[in-house]
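Protein chains: 2
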Amino acid sequence: MKRFLISALVLLVAGWSIAATHDEDGSRLWLRADSVNTAAAITGVKGTAMAELQTFWQGGPVTLKRQKGLAKDGYTIKSQNGKTVIAAASDAGLLYGAYHLLRLQQTGQGIASLDISEQPFYDLRILNHWDNPNGTVERGFAGRSIFLNPDPARMKMYGRANASVGINGTVLNNVNAKPEVLSTESLQKSKEIADLLRPYGIRVYLSINFASPIRIGGLQTADPLNADVVRWWKDKVNEIYRIIPDFGGFLVKANSEGEPGPQDFGRTHADGANMLADVLKPHDGVVMWRAFVYKPQSSDRANQAYEEFMPLDGQFRDNVIIQVKNGPIDFQPREPYSPLFTAMQKTPMMVEFQLTQEYLGAANHLVYLAPMWQEFFSFVKPASLRAMAGVANIGDNINWCGHHFAQANWYAFGRTAWNPSLTPQDIAEEWLEQTFSLSATATNSPLSTLCSQLIHVMLASREACVNYMMPLGLHHIFAGSHHYGPEPWYSPRGVRADWTPPYYHKADSIGLGFNRTLSGSANVKQYPAELCSLYNDINTCPENLLTWFHHVPWDHRMSSGRTFWDELCLKYDDGVREARHFLTVWDALQPYVDCQRFGEVQRKLRIQARDAEWWRDACLLYFQTFSHRPIPQDVEHPVHNLDEMMKFRIPISMYENPESGYTK
Amino acid sequence: MKRFLISALVLLVAGWSIAATHDEDGSRLWLRADSVNTAAAITGVKGTAMAELQTFWQGGPVTLKRQKGLAKDGYTIKSQNGKTVIAAASDAGLLYGAYHLLRLQQTGQGIASLDISEQPFYDLRILNHWDNPNGTVERGFAGRSIFLNPDPARMKMYGRANASVGINGTVLNNVNAKPEVLSTESLQKSKEIADLLRPYGIRVYLSINFASPIRIGGLQTADPLNADVVRWWKDKVNEIYRIIPDFGGFLVKANSEGEPGPQDFGRTHADGANMLADVLKPHDGVVMWRAFVYKPQSSDRANQAYEEFMPLDGQFRDNVIIQVKNGPIDFQPREPYSPLFTAMQKTPMMVEFQLTQEYLGAANHLVYLAPMWQEFFSFVKPASLRAMAGVANIGDNINWCGHHFAQANWYAFGRTAWNPSLTPQDIAEEWLEQTFSLSATATNSPLSTLCSQLIHVMLASREACVNYMMPLGLHHIFAGSHHYGPEPWYSPRGVRADWTPPYYHKADSIGLGFNRTLSGSANVKQYPAELCSLYNDINTCPENLLTWFHHVPWDHRMSSGRTFWDELCLKYDDGVREARHFLTVWDALQPYVDCQRFGEVQRKLRIQARDAEWWRDACLLYFQTFSHRPIPQDVEHPVHNLDEMMKFRIPISMYENPESGYTK
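Keeping their order, the protein sequence lines are chains L and D. Residue numbers for the first sequence follow my numbering, so the first one is 6 and each next one is one higher. Residue numbers for the second sequence follow my numbering, so the first one is 6 and each next one is one higher.
Take every hint as true, because none was put in to throw you off.
Computed Cβ-Cβ distance ranges for the label pairs, DEER-style: (1) L/S450 with D/I515: 24 to 34 angstroms; (2) D/G499 with L/S32: 35 to 45 angstroms; (3) D/I515 with L/P547: 51 to 61 angstroms; (4) L/S32 with D/I515: 34 to 44 angstroms; (5) L/S450 with D/R567: 20 to 30 angstroms; (6) L/D431 with D/P656: 46 to 56 angstroms; (7) D/W504 with L/D431: 57 to 67 angstroms; (8) D/I515 with L/D28: 22 to 32 angstroms; (9) D/P656 with L/S565: 40 to 50 angstroms; (10) L/D28 with D/R498: 25 to 35 angstroms; (11) L/S565 with D/S453: 27 to 37 angstroms.
Far from chain D, by Cβ distances over 10 angstroms, these chain L residues were calculated: (12) H27; (13) A44; (14) N86; (15) N139; (16) M160; (17) E197; (18) K239; (19) P425; (20) N449; (21) S457; (22) L464.
By construction, these hints were calculated from the structure, which means they are not laboratory data. Glycine included, each C-beta is placed from N, C-alpha and C at the ideal position.
With the rest of the complex left out, here is chain L:
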């Protein structure tokens, strides 16, 4: 009986007050409308758009019609006298129009008199799945691959979710590609997926291994200028299109982190990319060639993509797109934009954002990424890019993304790729209302205040993460291997220097940070002249990038009047306070959120608050061994011991989400 009581108590914890609604598991994402009992009259073009409206539309009659002259994937919605007409040039356009209408319904917006005209900013809005053939997902924090044994119902939901936010392409496998992905057997599996996603306007793509002609073709070489190699690729591509007629193309990671590439045969990235582009061209396929390259010999990893790719500017076929990560290193909480974006003038480019939070707390931290993308687009004009890719945060967890709020990043990615001028706040508001039925415009005034606070939490979350992990331009000071948690000291014997934090933070008795000015690695020169001079001067360099570009003396005077060391302490502590504040806001929402999701998010926010302390303590105590300066009195002092934190290990691989952080 006592045991029963204790169990009952535990159950009560997650919901001490009566929850407003029944439990939800997050599997329906932001598409939580129930099927209608009586279908509205939907007429016109048959297809997925019609089916969706028949199932979910609660309003008056809707006509779906084809109309030439509209942009690819674009649509118009006009309503008058209770009748609505969606017009588009394609099935996909009609589908996007239908989801637009359903979104208006779900967010409670007026639909009496609509005159909407929409078209996507980018033609290609694509997810990159880093899924391996054995079902693991590299940097996947939400379970195993949804493509391993694709469940039709799950694939349908995946298709609907993507289409509802305008995503129209998906790369099914990891950029660290196994050659076997091009085997006939594997292609048949991809065909199954392609068939399930086609109704939702989604084309499939594959990451390929550049050495495939050798590894599965039996050739002696994969030299892109070798006739046998070209023939092998031509045959393989023909086979792919026989199996998947609307196949989208290849994503290629070549000569990067040990992957094979054209340089292995004395050729350039352009030679490799163009060869593939030529064989894909007749099928309307594209090559997305990644610029994520760096070699251990270089004195500044941040310089290298530019150094390798700039000489090739203008040499790529028109169906090659160079896919560049937003920053020059690797998806850190904050990086400056990759200078290639403004430097390459004659080459189509696309940006690769990372939705999966490899460096941002995995599926344990609430970090809403739209503000990071907005920051990127304030430097790189959206129109200068050809497309947008997002490394997916999706797995076979019931809630898809591990953290309910990570769904917002999937959602925001699609919406941003459709329209980069949407504000992070607009997107957060529409996502929150659809996903949690929480609206800042609710008539319930306490609830409306709480919702505004929650929107603010989402908007502030990325900066908070920067603060408690890597403020003031710090980067790459995370744990080895799984990349979760702080390890600024990580530097084991035999590991290449540019995989260790000290290479990046360069802490010493003088100060902290990487001198990338003209007196250092000269990385600043890769930026336009105005930015170059701005970044080059420690007194004009934005403080949020200070240690990225400068080796900053501990006593450097900041704009706040504090020393750099004191400011660093303050930033870390700000991060901790912010993470705790997020929890406070969420806790207050308990009466308005279903028990299950409330409890699951609360548990994650508690981890986040504890992890924030861990990051602060580990980084400050470690850097203090160089700064020899006291932690200011007005910040909370570390409560963990450096030696114990340095011994701590999380026993997980790069395919798992840690159950929690530091546990000493």
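Please build the complex by placing chain D on the supplied structure of chain L, with the hints as guidance.
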């Protein structure tokens, strides 16, 4: 090389700035003066006083002289023209005078013109060691028993330390006494210790097992009115005094928590105590008979000592002292005073304080106890008591007490027993200056400010502990067995109710707390009329004892204007903030404290700050399952999960200090 670097870093952590002084291990306690090179001229009575002055006194000539008419253990110190005279009626008095002089030297006070006259408030100032024959120490958090294989050097230091603060008695073994303590072999061991301590004016005492006549005497009974039993005790006592001529007497825990006692034979506490008093009387020995009794059947444990002992008031021999714990339950962070103290008018009584922090964070938390004793003496007039006992916090750890600041409680106990009107602040200041060479009157002004802050930390530490553990009158909600950390839910099947927290906190949907008013257990009636009516009314009951005396409704309005629930949350959070603040103050003292002790104390303060969070989170989340009220927005919200905290166990016994607290 890398490994070496990492190790070097770790070493640096504890001392990022150059430490002011060489490392210290705390073994010298507050007696850190080095031996002088040239001994001063010490004349007069030979003995320990002379030896101590010859070794440590740096001033002018001192004469030690006997003088009749002075109180037992009292002394005078007079100095003029560089010459000092210490006069006393006994060797012990001279010794106390010598230590007084040395204390003035160590605290840098003027000694040019002294005219001091001192005498102890209590004749008996005694430590209770809860040491077992196998070397374990019950509730000992500083290693094993110092008496197991008494090291003469260590015993000498123990003697000096006690004498320097006026302690003149020590009970060598646990009140849960093994009968074997009275075996001839064991008595010979006690004699060795007595011989080593005698030069420091310390008499030894023993805890006895009331069933000894049966267990080691071979008798059929231990009935105190049985002639054979009396004879056995008489013979045993004679033996003891043959071996240890100045033996002090017995400490007895009888009919309590399973220990045998006179009630087993149909006799009363008075029968038992008086029999022992009679056999000790010819030797000038005393019986300290503990009133710590309670039975599982009673509806209020707090009532029971009174119920058992009040009927016996006036029936005890004059060499019996009833030893009563300061509070009616058991050494909680805050209790009202035990009502026996004001109720028993015709019986000599002594108070038993607990220096070892059984319920106050063991040797991990800095909790300075003098303010607790001062609070006790504001209710119980010192003159109403015969003596003061302190349950020792001493073990064979190099620093004696596990926590450097726990030494302050040993120090303060002696000083308070000598003079209960000394303020906690006076005592803290003289201890801190002697122990850490830290003085609030230092000429270095930043240091002097920091020292004042540290004094404040010591003075505030007990209330902080109350706040983060058991505010507003809460008590007995600690973990089972080892008593470290929160377990307000602890209630395993088969454990007697009065050993489980729910018996005490009685949380339910209405409120929290034990109704001890006239409508409840009527415990208030055991207090004098004025206090009774004060405590009985929820509106006049001091808020710091509110749930001790009342079952307080969650929405009860507190003097702050907040509801009781909100106030509870606030108090817990205050405790957390205070614990963090202690760490901040200590960190700032790093340049002024030797590396070793700085690092060791810092590590403990970090545990304390983390433990405070653990207590807050566990208690608030658990009580929230009853209150069904949200945690206020303006306090930090719990970052741990109740279900995980409820599963957490510390795998230690009651003889160990936990390495740290909650580690999820």
